[in-house]
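Visitor: Here is what each chain is made of, one letter per residue.
2 protein chains.
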Amino acid sequence: MSRMLPRYRVYLLVLATLLLTGCQNLAPRATGDLGLVIERATGSVQIIDTGSRSAVARIDGLGDLSHASVVYSRDERYAYVFGRDGGLTKVDMLLQRIDKRIIQSGNSIGGAISQDGSLIAVSNYEPGGVKVFDAQTLDLVADIPAVGENGKRSKVVGLVDAPQKRFVFSLYDSDEIWVADMRQSDKPEITRYRDVGEQPYDALITAEGRFYIAGLFGEDGLALLDLWQPQAGVKRILGDYGRGEEKLPVYKMPHLEGWAMAGNYALVPAVGGHEVLVIERENWQLVKRIPVHSQPIFVMASPDKRSVWVNFAHPDNDTIQVIDVATLEVVDTLKPGPAVLHMEFTPRGEEVWVSVRDANRIRVYDVYTRREITSIEMESPSGIFLTNRAHRIGL
Amino acid sequence: MSRMLPRYRVYLLVLATLLLTGCQNLAPRATGDLGLVIERATGSVQIIDTGSRSAVARIDGLGDLSHASVVYSRDERYAYVFGRDGGLTKVDMLLQRIDKRIIQSGNSIGGAISQDGSLIAVSNYEPGGVKVFDAQTLDLVADIPAVGENGKRSKVVGLVDAPQKRFVFSLYDSDEIWVADMRQSDKPEITRYRDVGEQPYDALITAEGRFYIAGLFGEDGLALLDLWQPQAGVKRILGDYGRGEEKLPVYKMPHLEGWAMAGNYALVPAVGGHEVLVIERENWQLVKRIPVHSQPIFVMASPDKRSVWVNFAHPDNDTIQVIDVATLEVVDTLKPGPAVLHMEFTPRGEEVWVSVRDANRIRVYDVYTRREITSIEMESPSGIFLTNRAHRIGL
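Protein chains in written order, with the UniProt record's numbering: chain W, 1 to 395; chain Y, 1 to 395.
Simulated from the structure, these hints should not be mistaken for laboratory data.
Treat the hints with care, as some may be off.
Which copy is meant is left open, so a pair is good if it fits within one copy or across any two.
Said to hold, decoys possible - Each computed DSBU-like pair below joins lysine-lysine, with the alpha-carbon atoms no more than 30 Å apart:
1. K335 to K165
2. K288 to K235
3. K235 to K187
4. K100 to K187
5. K235 to K165
6. K335 to K288
The structure presented is a predicted model; accordingly, all values stated were derived computationally and were not measured.
With these hints in hand, go ahead and build the complete structure from the sequences.
Guide: What follows is the structure, given as structure tokens:
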């Protein structure tokens with residue numbers, strides 16, 4: 001018998017190992033209705049499930065997550081979290097753990113994933129440039145120092161992905177926009193556009209990936225690059241968009257990703273002013289100013305393009321206003337609570353998830369009745385990023 | 001020792017059972033890059049993986065799949081396959097098997113999933129009407145007999161989902177469009193639009209869920225319902241769209257889901273003619289006719305809206321033509337092989353997957369170089385449906 005014991009101990013061991021490794025994750029699940037919420041204060045993220053409207057798991061150890069953003073792998077399994085401290089963290093949404101984490105620079109400000117999902121690009125302040133990584137391994141594939149016309153390294157902002165495996169970004173300190181063609185991943189082909197305007201500070205790309213628009217901190221107006229005719233160069237649009245002659249005090253420069261494209265209109269936050277500007281996309285002319293509660297930050301269109309939801313800068317950031325796109329009027333004002341930082345619509349637009357940092361809550365609203373459906377406890381939540389972003393250009 | 005044997009046999013047994021049941025599916029995977037291909041001849045579907053560009057598994061026993069279509073659950077785990085024989089099959093994309101299957105009518109023609117993912121609607125020819133099922137259990141939730149103004153039951157066509165938990169569909173035999181408000185799932189609230197035009201035979205809803213457009217078999221022109229102003233009723237547009245006075249021979253009425261919405265234009269297949277029509281979305285006026293190879297069937301815009309891909313009716317269905325949206329000219333002609341039945345773009349538009357039925361192949365093309373990247377063997381493939389449809393309105 002004593003000869004037997006070790007033997008069936010082995011089976012016990014194998015069994016235990018199996019249970020501890022694989023089988024805890026036996027229950028198969030898909031990730032199409034999952035997302036991540038950034039918990040800045042604790043350097044953690046929470047996986048949320050918009051199907052059951054619940055928090056699924058907390059993952060710690062992601063470092064400094066102020067101004068953090070997220071992109072997803074094309075199979076919607078992995079989230080890439082870009083931290084302020086230069087950390088790039090690959091989170092496994094299925095196994096609910098960090099798959100890989102690297103510190104890729106001293107100070108970074110967001111990133112993007114290539115159209116085919118093979119490359120992750122990160123834009124850095126310090127040292128200024130873009131680093132490109134293999135999406136699977138996080139191995140460095142290309143390093144693009146942002147040395148501007150002035151010979152100095154510049155902070156990089158407004159990095160987005162564009163069709164044909166390109167990344168587009170702006171150089172804050174040298175007033176340039178660069179397009180990096182990554183079709184040969186290790187040999188980026190860079191096209192440089194100079195004198196695009198003073199201090200581009202952020203940018204967006206339209207949903208189909210055609211128009212790249214950079215906001216300018218140093219002057220009024222915006223820089224527009226039409227990627228369908230790159231040879232035409234960068235044009236200046238909306239000359240009166242910005243802080244204006246008298247340089248209004250701006251508590252927070254609005255995000256350009258927060259522009260709402262609805263039908264023929266773009267609804268954009270006025271810089272400094274208490275207005276949402278309505279712009280005709282055909283010719284980029286201002287057609288209307290909609291007075292709102294305070295300085296708008298995010299101006300986001302629901303997936304059905306019928307309503308646009310607006311949050312505001314400190315100290316008026318306890319409020320959301322809703323604009324009806326059909327009438328271009330404010331039709332509702334909500335008070336989710338202190339420090340409404342972000343809003344994310346469910347993919348087909350029936351709900352909007354709102355982070356209320358200082359209430360330590362995510363609030364879920366019915367987009368049509370605008371009633372609160374439920375709320376979920378979080379640690380100072382900021383950004384909310386759902387996995388369906390995996391399927392979209394420029395997000 | 002003899003006393004020990006049975007005991008560790010038990011462990012062996014447990015171990016074996018574990019391995020055979022759960023652990024075969026241990027390797028966790030996400031479904032965001034999966035899809036289904038309809039194999040009509042064999043009544044089977046194949047799960048495809050656009051990440052590894054491969055076929056993952058074949059699932060049999062789905063009945064008559066001619067003209068079959070597919071929608072996905074909001075978590076992208078389950079596919080709902082609508083068969084011609086009235087079969088509604090719920091396929092588990094993770095466990096690669098049929099989860100549930102019912103025969104819900106004698107003869108059906110497609111379906112839709114509600115905005116919130118809770119309801120599956122199927123449109124039936126025989127008996128004419130719409131049946132609504134619980135997306136999880138496939139239990140019948142509501143039965144909507146399509147009894148038209150003429151008192152007869154009508155074939156139902158052009159069923160789509162619309163925002164605010166509505167389904168919109170057309171009554172072929174009584175020239176009506178119905179909007180079913182499902183906010184109270186078991187008590188559908190029906191709004192009926194009459195005399196919309198002779199024999200609506202198919203329909204589409206625009207990506208944001210605002211415009212429902214039905215094609216008319218019995219006369220020229222199209223029926224347009226603006227869901228933002230339902231009280232305005234159904235308007236007739238494009239009076240000259242159709243088979244025309246001389247009633248051209250039509251080998252196959254083009255699909256309306258195959259309309260390409262690109263920027264301010266809709267590119268639509270001319271009925272009978274060898275043309276793609278370019279329509280100004282602002283006013284639904286015809287602005288250009290693009291001559292093409294033969295009678296177009298699907299006219300599909302790439303996700304970046306830069307190119308539109310067109311396939312054709314028998315006997316000229318070995319060809320695909322590509323239209324450049326910037327110039328509205330045909331820029332390429334491909335010959336994938338006999339019976340090109342369907343095209344599906346990867347979510348961010350780097351590739352297009354093409355079913356070539358009589359070559360028993362799916363061909364994968366680079367959307368930009370238009371070169372074939374690879375091809376995959378299939379049994380007479382027809383429709384291709386990727387899981388990212390889960391996140392879109394009207395698909």
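Visitor: None of the hints should be skipped; say for each whether it holds.
Guide: Evaluated hints:
Taking the shortest Cα distances, K335 and K165 sit within 30 Å of each other only across copies (26 Å), while inside one copy they are farther apart (41 Å). For the homomeric pair K288 and K235, the shortest alpha-carbon distances inside one copy (22 Å) and between copies (29 Å) are both at most 30 Å. Proximity of K235 and K187 under a CA criterion of 30 Å is satisfied intra-copy only: 28 Å inside one chain copy versus 55 Å between copies. In this assembly of identical chains, the alpha carbons of K100 and K187 lie at most 30 Å apart only when taken from the same copy (25 Å versus 50 Å across copies).
Proximity of K235 and K165 under a CA criterion of 30 Å is satisfied intra-copy only: 23 Å inside one chain copy versus 42 Å between copies. Only within a single protomer do K335 and K288 lie at most 30 Å apart by alpha-carbon distance; the minimum there is 25 Å, versus 49 Å between protomers.
In this structure, every one of the numbered hints holds.
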